[in-house]
Amino acid sequence: MRFKDVFAIIGPAMVGPSSSHTAGAARLGRAARQLLGCQPEQVVITFYGSFAETYKGHCTDLAIVGGILDYDTDDSRLVTSMEDAEKMGIQITFKVGFGNYGHPNTANIVLKHGDKELTMKGASIGGGNIEVSKVDGYDVRFTGNYSTLVITHIDRPGMLAEITGLLQREGVNIGHLSLDRKGRSGEALTVIEIDNPITSKLIQELQEMQQVKEVRTVELMKRG
Amino acid sequence: MKFRTLEELLSLCEQSGRSISDIMIENQAAESGNTPDTEFMRMAEYYAVMKEAVQKGLTQDTTSRSGLTGLDAQRVQKFNEQGEACLGDIAGTAMAYALAVSEVNASMGRIIATPTAGSCGIIPGVFVSAQSRFGWDDEHLVRGLFCAGAIGYVIANNSFVSGAEGGCQAEVGSAIGMAAGAMVELRGGTPKQAIHAVGLALKNTLGLICDPVGGLVEVPCIVRNGFGAVTALAAADMALAGVRSVIPSDEVIQVMYEVGVSMPEKHRETAQGGLAQTPTGKRIIDELRRKDQ
Chain U
1 MRFKDVFAII GPAMVGPSSS HTAGAARLGR AARQLLGCQP EQVVITFYGS
51 FAETYKGHCT DLAIVGGILD YDTDDSRLVT SMEDAEKMGI QITFKVGFGN
101 YGHPNTANIV LKHGDKELTM KGASIGGGNI EVSKVDGYDV RFTGNYSTLV
151 ITHIDRPGML AEITGLLQRE GVNIGHLSLD RKGRSGEALT VIEIDNPITS
201 KLIQELQEMQ QVKEVRTVEL MKRG
Chain C
1 MKFRTLEELL SLCEQSGRSI SDIMIENQAA ESGNTPDTEF MRMAEYYAVM
51 KEAVQKGLTQ DTTSRSGLTG LDAQRVQKFN EQGEACLGDI AGTAMAYALA
101 VSEVNASMGR IIATPTAGSC GIIPGVFVSA QSRFGWDDEH LVRGLFCAGA
151 IGYVIANNSF VSGAEGGCQA EVGSAIGMAA GAMVELRGGT PKQAIHAVGL
201 ALKNTLGLIC DPVGGLVEVP CIVRNGFGAV TALAAADMAL AGVRSVIPSD
251 EVIQVMYEVG VSMPEKHRET AQGGLAQTPT GKRIIDELRR KDQ
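Quick note, the sequences are listed as chains U and C, same order.
Under the UniProt record's numbering, the residues of the first sequence are numbered 1 to 224, in order.
Under the UniProt record's numbering, the residues of the second sequence are numbered 1 to 293, in order.
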């Protein structure tokens, strides 16, 4: 089911004018920001499809930049995000993309800070909901409706069992898991949506695993 | 969730003798792992935002950034207060409130997407006006939101709720169906009548294209929210009176999907067709582009 619960339908609380183009865009930006792990210095956003046609009118540009500044969908600072980013000295470029993009509201986001770089592609699928489809060239699938672990690791037998074994010991329940690699015996990326909040202990234990190279997290839901 | 279709939702209600909102609250709590109270509180916060948006739209300047729209809710409300509305006071007020929330949205104010921002006026319009008419407490309306959410959940998972995928029928149409079904429950109708109201309402918006002028959620989105609130009341009344949707509501949802899939891209939020490409629509787009540069 694409829409998991009642608050995917009623909600989110958001600043207008468009749930696909404003709230969804803010969440895409925020997911990318969290994957980079810090405030970027350079941002390149490529819009496709309906995003490309109407991004100015719907304030998609303001919303996605607001998300990259870690603003939530109902944060009134979304209105001033472009000026805020400028004051922080963040360099932002918008592009219009062509070619095969899948969903009509798709954006590709490239964030850079020093020698850190993140590329993320995702779509706003309606009502403020998103689906991330690519991270750093790996095929993934996550929605930001759950706490999400994004783990880069060596591609070798038993890796997944070790990761899920650790989650089991920590009492963490997996909602969705995807794994992709670019070639045999290189690096792989595993993305796991979990039902529990992510603790620093869990991240640390994952990072201490020998063949785990990097652990990143995405947490877009408010936890009350 | 224990239901995928409206028929399954209805049989859950009929087996247990409970309302659609009861079933939704229970399933939501099971899905989130939180208590029903926690989920209820969250929805109550959303209802408070809806009421604020109605008030804001009726009292503050809602002129949008583009300058294309704003203050229509206040015009309609004043006309209602003069006793002039052809619709009468009840439907006229629902219409004014729906316009109010939709204008708040267009002017970058805070709203609740129900199911989307483009259609965010319809449910508050129907709910907040009915609350003052019938003297209901907030809790009753919050339950109503769970009922509306259950209906929207089925529509969204079997069809769509975004204009980019399925045209305006998916946004405004879905909101009308949700509001109509919820209104039936709020008025004390049966779950079966509520489900019929959904089908009745959706049939009236099948094929509605998404053609926002300049790509903005303003023209024709805002007035369609006003019309939507009135249509939802009409569908609820038909169902409460015993009118059935001869084509079952689940099948109507499938038709919405079929129609949406075959809708050309130019009529799905791209601003490449419909009202957006009229001579006036094009002139407005040109003017906005010049303003941006």
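By construction, these hints were calculated from the structure, which means they are not laboratory data.
Predicted model only: the values in this text are computed from it and were never measured.
Each hint should be verified, as a subset may be incorrect.
Unchecked claim - Stretch-level coverage of chain U by chain C, calculated; a stretch enters the list once three of its residues show a Cβ under 8 Å from a Cβ in chain C: (1) 56-70; (2) 73-84.
Stated by the list, open to error - Quick list of in silico lysine-lysine cross-link-like pairs, DSS-like style, CA-CA up to 25 Å: (3) C:K282 x U:K56; (4) U:K95 x U:K4; (5) C:K2 x U:K4; (6) U:K95 x C:K282; (7) U:K95 x U:K56; (8) U:K87 x C:K291; (9) C:K291 x U:K95.
Note that CB positions come from ideal geometry on N, CA and C, so glycine has one too.
For the pair supplied as a hint, K95 of chain U and K4 of chain U, is the alpha-carbon distance within the 25 Å limit?
-> 32 Å, violated
Does K87 of chain U pair with K291 of chain C here, judged by a C-alpha cut-off of 25 Å?
-> Judged against 25 Å, a Cα distance of about 23 Å means the pair holds.
Check, residue by residue, whether the stretch 73-84 of chain U contains three or more positions whose beta-carbon lies closer than 8 Å to a beta-carbon of chain C, and give the verdict.
-> holds (count 4)
Restraint status (C-alpha distance of K2 of chain C to K4 of chain U at most 25 Å) | Measuring from Cα to Cα gives roughly 11 Å; hence the hint holds.
Is the Cα-Cα distance between K291 of chain C and K95 of chain U 25 Å or less?
-> Holds, because 19 Å separates the two Cα atoms, which is no more than 25 Å.
Is the Cα-Cα distance between K95 of chain U and K282 of chain C 25 Å or less?
-> Holds: K95 of chain U and K282 of chain C sit about 23 Å apart, inside 25 Å.
For the stretch 56-70 of chain U, do at least 3 residues have a Cβ located nearer than 8 Å to some Cβ of chain C?
-> holds (count 4)
With a cut-off of 25 Å on the C-alpha distance, tell me whether K282 of chain C and K56 of chain U pass.
-> 16 Å, holds
Within 25 Å, alpha carbon to alpha carbon, are K95 of chain U and K56 of chain U?
-> 12 Å, holds
Checked against the numbered hints given earlier, this structure breaks only hint 4.
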